[in-house]
Amino acid sequence: MSRMLRQMISCHWTAKRIQRYLDADPSAPLTPGEVTRLEEHVAACERCREVLGQHRLLHRALSLWTGTRPVDQAAIDRMRSVLEDLTEGRQA
Amino acid sequence: MSPARTPDDVARRRAFAEVVEPEIEVMLRVARSLTGSAVDAEDLVQESLVRAFRAVDRFDGRHPRAWLLTILRNTNANLHRRRRPTTVDDWELIHASRPAFGAAEAPAAEDVYVHEQLDAPLRDAVAALDPRFRSVLVLVDVHDLSYAEAASVLDVPVGTVMSRLSRARERVRKAIGPTLTTIRGDQS
Numbered sequence: 000m001s002r003m004l005r006q007m008i009s010c011h012w013t014a015k016r017i018q019r020y021l022d023a024d025p026s027a028p029l030t031p032g033e034v035t036r037l038e039e040h041v042a043a044c045e046r047c048r049e050v051l052g053q054h055r056l057l058h059r060a061l062s063l064w065t066g067t068r069p070v071d072q073a074a075i076d077r078m079r080s081v082l083e084d085l086t087e088g089r090q091a
Numbered sequence: 000m001s002p003a004r005t006p007d008d009v010a011r012r013r014a015f016a017e018v019v020e021p022e023i024e025v026m027l028r029v030a031r032s033l034t035g036s037a038v039d040a041e042d043l044v045q046e047s048l049v050r051a052f053r054a055v056d057r058f059d060g061r062h063p064r065a066w067l068l069t070i071l072r073n074t075n076a077n078l079h080r081r082r083r084p085t086t087v088d089d090w091e092l093i094h095a096s097r098p099a100f101g102a103a104e105a106p107a108a109e110d111v112y113v114h115e116q117l118d119a120p121l122r123d124a125v126a127a128l129d130p131r132f133r134s135v136l137v138l139v140d141v142h143d144l145s146y147a148e149a150a151s152v153l154d155v156p157v158g159t160v161m162s163r164l165s166r167a168r169e170r171v172r173k174a175i176g177p178t179l180t181t182i183r184g185d186q187s
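Residue numbers (numbering that gives the first Met the number 0), protein chains in the order written: chain Z, 0 to 91; chain C, 0 to 187.
These are calculated hints, taken from the structure and not from any lab test. Don't take each hint at face value.
Unchecked claim - Here are some of the chain Z residues that sit facing chain C, going by a computed Cβ distance under 10 Å:
#1 R5
#2 K15
#3 P31
#4 A60
Claimed, not checked - Computed footprint of chain C on chain Z; a stretch qualifies when at least three of its residues, placed anywhere within it, have a C-beta under 8 Å from a C-beta of chain C:
#5 18-29
#6 49-56
#7 77-89
These numbers were taken from a predicted model, which means no experiment stands behind them. Beta carbons: idealized from backbone N, C-alpha and C, even for Gly.
Assemble the whole structure, with the sequences as input and the hints as a guide.
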């Protein structure tokens, strides 16, 4: 019973950190100790490993839409031209 | 005749160009999210560049993208308040796109799965999100902004970005969970 409870607590602890683990955002980094604990739990827990995989795949799926609709290169070039005008003193 | 420039002035202009030029693409992407239009996005970025240049002396050189996105947000609020205040709701625009014919590289197997299997359920799940949650999801997961950059665009604390993002992803994951599981099973 206590083993089950420990497992539940560990799953809950991991679930609250999985997204920060995958994002590795500088605003909210996990400590090295947290990373180790999370990775050890995921290695041993099939359910949390599944959740981790799903979040990873979701992020990949969402990122792909950026790749399929790139910003128009002509628009980028026009904004570069605006920037050049500014920095060359032709516009202010 | 243009006014004489000091070496400091020249260095300042050069530094500004070097910091800003790599951020133009992300500025255009986020501007499109904010305005919902490619044409309006260009107008917004152009005005933002002018304002950033005027304000460059107040920029401390740290986190240029967040600085520029904050200017973008403020400029948009001033220019387009009457139309779409902080919508960042371009999911339909993004989703309506398709890869161009004649792409130079064949897509990876996982990418094919993503397109063919996840397309419809993902669209439905994201469309069903509360706009506040969807905005964060689009900025961070579609536009690849950091938490701090998304916070700058939305004018909310980083903690709010994190909590909204977490909820948005969990809702989407749970909504399409069976599809994700099936795909994993098929791949193994």
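Hint check:
{"no.": "1", "hint": "R5", "verdict": "violated, 24 Å"}
{"no.": "2", "hint": "K15", "verdict": "holds, 9 Å"}
{"no.": "3", "hint": "P31", "verdict": "violated, 20 Å"}
{"no.": "4", "hint": "A60", "verdict": "holds, 4 Å"}
{"no.": "5", "hint": "18-29", "verdict": "holds (count 7)"}
{"no.": "6", "hint": "49-56", "verdict": "holds (count 6)"}
{"no.": "7", "hint": "77-89", "verdict": "holds (count 10)"}
Hint compliance for this structure: hints 1, 3 are broken, all remaining hints hold.
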